[in-house]
Structure formats: structure tokens, C-alpha cells
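A.B. asks: Protein sequences, first through last, are from chains A and B. Numbered continuously in my numbering, the first sequence closes out at residue 774. Numbered continuously in my numbering, the second sequence closes out at residue 109.
Just so you know, the hints here were simulated from the structure itself, not pulled from any lab data. We put the CB at the ideal spot given by N, CA and C, even for glycine. Careful, some of the hints might be misleading.
With a cut-off of at most 30 Å between alpha-carbon atoms, the simulated DSSO-like pairs for lysine-lysine come out as follows [to be verified]:
#: 1; chain 1: A; residue 1: K576; chain 2: B; residue 2: K56
#: 2; chain 1: A; residue 1: K261; chain 2: B; residue 2: K70
#: 3; chain 1: A; residue 1: K721; chain 2: B; residue 2: K56
#: 4; chain 1: A; residue 1: K400; chain 2: B; residue 2: K70
#: 5; chain 1: A; residue 1: K261; chain 2: B; residue 2: K56
#: 6; chain 1: A; residue 1: K443; chain 2: A; residue 2: K614
#: 7; chain 1: A; residue 1: K280; chain 2: B; residue 2: K87
#: 8; chain 1: A; residue 1: K295; chain 2: A; residue 2: K280
#: 9; chain 1: A; residue 1: K553; chain 2: A; residue 2: K639
#: 10; chain 1: A; residue 1: K486; chain 2: A; residue 2: K571
#: 11; chain 1: A; residue 1: K509; chain 2: A; residue 2: K486
#: 12; chain 1: A; residue 1: K553; chain 2: A; residue 2: K486
#: 13; chain 1: A; residue 1: K639; chain 2: A; residue 2: K434
#: 14; chain 1: A; residue 1: K295; chain 2: B; residue 2: K70
#: 15; chain 1: A; residue 1: K241; chain 2: A; residue 2: K295
#: 16; chain 1: B; residue 1: K56; chain 2: A; residue 2: K280
#: 17; chain 1: A; residue 1: K651; chain 2: A; residue 2: K400
#: 18; chain 1: A; residue 1: K136; chain 2: B; residue 2: K87
#: 19; chain 1: A; residue 1: K651; chain 2: A; residue 2: K637
#: 20; chain 1: A; residue 1: K434; chain 2: A; residue 2: K579
Under 7 Å between C-beta atoms, here's a sample of chain B residues computed to sit facing chain A [to be verified]:
#: 21; residue: G18
#: 22; residue: G20
#: 23; residue: A25
#: 24; residue: I27
#: 25; residue: A69
#: 26; residue: K70
#: 27; residue: D76
#: 28; residue: G95
#: 29; residue: A96
#: 30; residue: P98
#: 31; residue: R102
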Amino acid sequence: MLRADRKSRILGRPAPRTARDARPSFEARAPRAARALRNKKAPGSSFAGGPRFNPFARYGEADWSKVRLYGVGCVFALLWVLLWSRAWYVQVYDGDRLAGLARRQHMAAETVSGRRGAILDRNGQILARSVEVRSVYVRPGEIHDVDATVNALVTALEAPAKQVREAVASKRGFAWVARKVDDQAAENVRKAGLPGVYLSSEYERIYPFKQMAGQLLGFVGMESKGLEGLELTFEDVLSGDSARNVVQRDAAGRRLDMDGGAGRASLRGHDVHLTIDTQVQFFAEEALARSVDQFDATWGGCLVVDVDSGDILAWAQYPFFNPNAYRDYKPERWRNRLAADALEPGSTLKPFLVAAALQEGVVKGDTTFNCEKGRWKTRYITIRDTHSYDVLPVNKVLRYSSNIGMAKIGLELGSKRYWEYLNQLGFGDRTGLPITESKGILRDPRHWSEPDLITTSFGQSIAATGVQMAQAYLTLANGGERKPLRLVVDDEAPANSASQKVYNDKTVKQVISMLREVVEEDGTGTRARIPGIMVGGKTGTAQKADETGRYGHERLASFVGFAPIDKPKYLILVMVDEPQKNSYGGVVAAPVFKHVAMRTMAYHGLLPDAPDPEAPTYATPLGKTGPVEVRREVAEAVREAPDGVPNVVGKSVRRAVEVFARQGMVPVLRGAGQTVIRQTPEPGTEWPKGQPTGQCVLWLSENS
Amino acid sequence: MSQGVGSWVLAMILSVLTSLVLGLSLVWLNIERMDMAYTLRKLQGELDGRAALTAKLEVERDRLMSPYELGRKAEAMGMRGARPGQIRRIEEAGR
């Protein structure tokens with residue numbers, strides 16, 4: 071039908087519509103003869119009927135075909151050219167711009183920050199650590215229902231509505247709602263699914279031991295940058311690096327790590343291992359706090375140093391400062407006074423003058439000084455002692471802490487030589503510890519007048535920090551050889567702490583003996599005694615200048631000592647500033663030394679098993695059923711056989727050992743059980759004489 | 015002559031086929047890469063979450079194990095620090 075239609079269009083005649091119409095009309099029929107002639111086969115024609123009649127021939131239809139073909143070819147060529155032109159435009163002419171747009175769409179830059187390093191004690195206990203927390207922010211432009219968003223956020227965060235509304239209604243494109251929220255609040259916000267409200271990750275600094283060593287550790291700000299203490303001085307080591315990474319983004323905007331997140335670990339900050347021992351730190355803080363509270367003092371400080379290594383085991387300061395909530399404190403609370411405050415040390419400086427005088431041969435052990443019955447008027451000043459003394463040998467001058475005696479020793483030695491020793495001990499110079507510290511005050515000896523020399527002899531006219539005092543005493547404890555203090559494990563020795571011999575062995579031995587007398591004899595430090603071990607040290611009760619510059623009523627009570635004294639293992643410095651109820655170092659600070667030394671030695675297994683003359687204090691019922699029962703049972707066992715060996719058969723090994731120990735005997739245990747089944751010596755017999763160990767044997771039941 | 019042309023045609027066909035295979039492989043690898051990137055992102059998030067939780071738990075453990083906390087508990091249970099004469103080293107005596 072279509073073919074017929076087309077044919078009719080070509081012939082200029084209407085196409086037949088039906089089968090009848092398709093038959094040639096009468097007029098169209100050629101005469102039979104003519105048809106016969108036309109149907110006669112032409113030579114060379116393949117058709118049986120000769121060359122077919124071609125109605126187009128007379129119109130030149132072959133030319134139209136070519137035109138059509140060319141036309142189509144041109145159209146295709148044009149399209150092809152257009153396509154290539156577009157491709158050239160896209161790829162070459164505008165390629166860079168479009169590539170940039172594509173990159174912006176598919177790639178995103180994100181800044182990755184490494185976690186801040188931790189601060190640990192010498193045993194690996196974490197003193198400061200950063201943990202990942204969530205912060206909530208809004209893009210106010212994306213929020214449609216402000217009231218609903220505010221209400222939902224107030225409920226989720228439990229935050230003040232005013233604060234939340236300020237953020238949500240902000241004109242800016244970004245506003246924090248709450249930073250570093252807890253996990254539950256972050257989860258509440260996430261579940262709420264509020265449009266325009268987002269969560270981001272940040273790191274928060276946590277100090278799990280709260281106030282422990284707070285002033286030493288310092289704190290970090292909201293942006294995790296160290297602002298005080300070790301957090302500040304070790305900022306370069308602790309802080310993690312930041313890197314700007316390009317990540318791929320999918321259609322939903324999710325970011326994909328195409329490198330598998332490699333390199334994140336290298337961004338983390340390094341850890342810092344301190345020499346602090348949290349247990350010893352606890353002992354120091356506890357004892358110090360008790361003393362400061364008891365004597366109503368302004369503040370107190372305590373340093374514990376391991377003599378063998380110079381490691382600082384405790385750095386305590388009270389009142390405490392909790393770095394977790396640094397905003398709640400005034401700056402004076404986080405001030406690291408043991409390093410930053412230089413104070414006149416008072417009598418704790420005296421051993422260094424005695425040692426210098428002994429070493430220089432100015433005095434000998436038996437040299438005596440007239441202490442002027444407690445009051446000596448020189449040409450310029452009048453010096454007083456707290457007690458009236460007459461003539462005292464050098465060791466007693468130190469034992470009783472006579473200012474007059476020390477002034478005379480100082481005058482014998484002279485300014486220059488005294489200054490040289492003080493300088494070698496580190497006074498007037500920083501110790502080199504990685505903290506912010508004061509240099510103290512040690513004036514040039516050329517400017518010392520006679521009163522200066524006299525007062526410096528008993529610890530005035532000179533200012534030293536607690537750390538400097540500890541450094542100087544460490545030299546004495548170390549046999550006269552200067553040894554640097556250490557606060558960080560594997561830290562290199564400070565440049566100004568080169569090892570040098572300040573005092574010879576003989577001098578040190580003499581001075582150490584004098585320090586022992588201060589505590590173990592009738593000196594000023596008898597309250598530092600520890601039963602079972604010999605300790606030594608020096609008390610200090612320094613006058614403090616008031617606002618007018620004159621010495622007022624306030625005092626700095628201090629004590630520096632060694633435990634044990636014969637071979638010092640621990641150096642303990644205690645400072646209690648402006649105590650009100652009593653100002654003597656021997657009363658205020660010495661008991662702190664005793665408490666800290668005793669617990670530190672017990673903790674390290676160095677406390678001997680000698681009986682304690684203060685036994686009634688710890689035999690006192692503790693108010694709890696368990697311990698009272700134990701003590702009662704032990705006491706009853708001893709009472710049963712007051713003149714002989716008590717019967718401990720059937721008792722627990724712990725209680726049996728306790729009973730024997732009360733008599734100074736250390737039994738040998740046979741077996742591994744918990745109950746005594748046999749004992750030697752027999753019950754009722756006399757206690758064996760001689761060695762306390764090996765003469766008593768307890769056989770124990772089979773291990774159950 | 016015709017043999018040379020045939021080998022050229024064969025080589026061309028092989029090249030086209032190889033290109034096709036390589037192209038398809040490239041597409042397949044890119045899909046796999048994206049898939050793996052999603053997995054990695056998910057695992058990274060999971061790892062970060064667990065690391066953060068571990069850090070928080072360690073901090074909490076250290077808080078609970080702090081000398082102050084233990085001291086409080088010991089005091090509540092009637093214990094106190096040992097004094098000279100109260101310490102016995104049973105292991106050493108038993109040997």
C-alpha cells in the first residue's frame with residue numbers, strides 16, 4: 071500500500087485505494103501491439119520480458135538518489151564534526167575548568183589531626199590522655215523549624231535553651247552548639263536526625279587521677295594546645311600533626327578512603343614517660359595535704375627523689391589543682407610553685423656552708439663556736455637563736471641550727487669561697503628540668519656586705535626554688551658529686567648539669583653524720599625519725615618578708631632529709647608555707663618527711679621488720695570487725711603463754727606468724743597450706759635465744 | 015600477500031578483543047575499588063569507634079585504680095598503711 075502510495079506520488083497520480091482501483095484503468099491500458107512490443111526482450115536483458123519499463127528514467131531519478139545519499143552523508147558528517155567539536159571543546163578548550171569542577175564534585179579535602187600523645191608515669195600509668203569525643207554544631211541556613219530544633223537539642227543535650235537558641239538562630243553559616251559532649255548526649259543528637267544539626271569528632275584531654283600532680287602536668291586548652299606545665303613545655307612532642315587529605319566523595323557525599331587510611335598513625339603525637347611514681351606521688355600528696363590543713367598553711371610542696379638515678383618520684387603541691395576543670399581555678403592554684411617560686415630557704419641551707427667550711431679546712435669536726443647565749447650583736451645587725459647556746463662544736467651548731475654559730479662559720483669562710491660552693495651546687499641557675507622554673511637569687515659575691523655574708527650563712531639573702539634545694543641535697547646524697555635531677559625517662563642530662571665533684575667523700579661523710587644527729591640525736595628534726603631505720607636531714611624555719619620588705623611574722627617551714635642516712639636511697643624535701651598554728655620546720659614539715667619516707671620504703675620493700683615503739687597506735691581497734699578480731703586473737707594467743715611459746719596449732723599461718731613476730735621471731739614455714747598443724751618450739755617452752763630466724767618452724771596443712 | 019593481510023587482520027581483531035577485555039577489566043576493577051573503599055571506610059569507622067571506646071575504658075580503669083580511689087576503699091574496709099614491724103615477707107621465710 072505504501073509502496074503504491076509512493077509510486078503514485080512519483081507519477082503524479084493518486085494511489086489506488088482498493089484492489090479494483092489497483093487495476094489499470096481503461097485509458098491507462100496501452101494497445102495490445104504496443105504492449106507486445108514493450109514486452110519483447112531486449113538484447114542482453116536478463117529479464118525474460120526484455121528491459122523493464124522504468125517510469126523514472128524520463129525524470130532523472132538516479133541524480134536524486136545521489137543527492138539524497140550526499141545529503142545524508144553531509145548530515146552525518148556534520149553531526150560527526152559537531153560531536154568532535156564538542157569533544158574538543160570539552161576536553162581541550164574548557165578541559166581544565168571542567169576537570170576542576172568534576173574534581174570538586176567527586177573529591178573533597180579533609181583535615182586529619184593526629185591524637186595528642188599521652189603522659190605516663192614510670193610504670194606506664196596514664197596521667198594524661200586524649201580521648202575522642204563529639205561536638206555538636208549547626209548550619210543555621212539549613213534549619214527550617216528553629217523552635218523544634220531548639221527544643222530537640224535542649225532535650226538531647228540537657229543544655230540551657232538560651233545557649234542553644236543563640237547558636238541555632240545565628241546569622242552565620244556555622245555555629246557550635248555544644249563542644250565535647252558525653253557519648254549519651256551525642257547519641258541523642260544523632261538519633262534525633264535534625265536537619266542542619268551535625269556532629270564532629272574532637273579530642274578531649276582527660277587526667278584520670280584528677281588532681282594528682284596537677285600543677286606539674288598543667289593543662290591544655292579547648293583546641294588541645296598545651297597552656298601550662300608539662301603540657302606546655304612538651305607541646306612539640308605531645309601534639310599530633312595535621313594533614314590535609316584529598317578523599318573521594320560519592321553521590322551521597324560520603325567520603326571514601328582510597329588509600330585505606332594509611333598515614334593516620336604517623337600523625338599521632340608522641341607519649342612522654344615521666345619518672346613520677348603514682349604511688350609515691352600519692353604518699354607525698356596525702357601527707358602534705360594533712361600537714362597543710364593541720365597547720366592552716368598557705369600551701370605546701372614535697373619532692374621525692376631517687377638518689378641512685380636522680381629520678382623525681384613525686385612532685386606534690388597542695389592545695390591541689392585538677393586539670394580536668396582548669397577553668398574553675400585561679401592562676402595561683404595552677405602555679406608550679408616548687409619550680410617557679412624562689413624563696414629564702416632558711417636553715418636548710420646550713421649543711422652546705424658547713425660542708426664548704428670543712429672542705430676548705432676553715433673548721434674541723436671539733437672546732438667550737440661561741441653561740442653567745444642566743445643573741446649576738448655585730449657591727450651592723452643583731453642575730454638571735456631560738457634557744458640559748460653557749461659554746462658548741464660544729465656538729466652541734468648544725469644539730470641545733472644555731473644562726474650565730476653558722477654566721478661565725480660563714481665569716482671564717484668568706485664570701486667568695488661560700489659563693490663558689492653555692493654556685494657549684496646550682497643556686498642562682500636553673501636546674502634544666504623541662505619545666506618553667508625560676509633561677510632564684512644568688513648575688514655576685516663582690517656585692518656582698520658583711521651582713522649579707524652573715525645572713526646568707528643561715529639561709530637569708532638568697533632565694534632558691536624547691537627544685538634547686540633538692541638538686542643541692544642530691545649532690546650531698548650522691549657523695550658530693552653533682553648529679554642532674556631527672557623528670558622524664560630517657561631524657562638527656564641538661565647541659566648545665568655536668569657531673570662535677572663539689573665535696574670530697576670525707577666532707578660528705580662528716581656532714582651526713584651531722585644530718586643524722588639532727589634527727590636521731592636531740593636535734594631539731596626528731597619528729598622525722600622512723601623506727602627501725604636511721605634517717606637524717608635538716609629542718610628550716612625561714613622568716614618571710616612582708617609587703618614592706620621587712621621580715622614579718624610569717625614563716626616557711628621546711629625539712630630536707632635522706633632515708634636511710636647511711637646509704638641514702640630517697641631524698642625528700644618538704645616545704646610548708648606560712649603555717650599558722652606552728653611555724654617550726656621540725657614540727658610542721660618533719661612529720662611529712664617521716665610519713666612519706668616510711669610509706670615509700672614500705673612500698674619498695676625496704677622497710678625493716680623492726681618492732682615499732684608506737685605499736686599501741688596500730689594495735690588500736692580500727693572500728694571494723696575483721697581487723698579487730700585478728701588483733702584480739704593474736705593478743706589472746708600471746709596472753710595464753712606469757713612466759714613461753716604460745717600454741718598456734720590450728721591457727722592460720724598469718725596469725726601464727728604475727729604471734730611469733732611479736733616476740734621478735736621469724737618462723738620458717740614448711741608446706742604450702744593456710745593452717746598450722748605442728749610447731750617448733752613446742753607450746754609452753756621457752757623462747758629460743760640468739761638468731762630470730764631459723765629456730766622456729768611451723769608446719770602447714772596441705773594446700774586446700 | 016593474502017596471508018600477510020590475514021595475519022594483520024587477526025592481530026587487529028586480537029588487539030581489539032584485548033582492548034575490550036582490558037577496558038572491561040578496568041571498569042570491573044574500579045567498581046571493586048569503590049566497593050572496597052566503602053568497606054574500608056566502614057571498617058575504619060568501626061576501628062576508630064572501638065579505639066575510642068578502649069581509650070575511654072582504660073581511662074576509667076585507671077581512675078578506678080588510682081591510689082586515691084584504692085585508698086578510700088581500703089579505708090572503708092578498715093585497712094591502713096603498714097608500719098615498721100607489721101610487714102612480713104612470708105615467701106622469703108618459707109623458702
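A.B. asks: Tell me the hint numbers this structure goes against, listed in increasing order.
C.D. replies: 1, 3, 16, 18, 19, 21, 22, 23, 24
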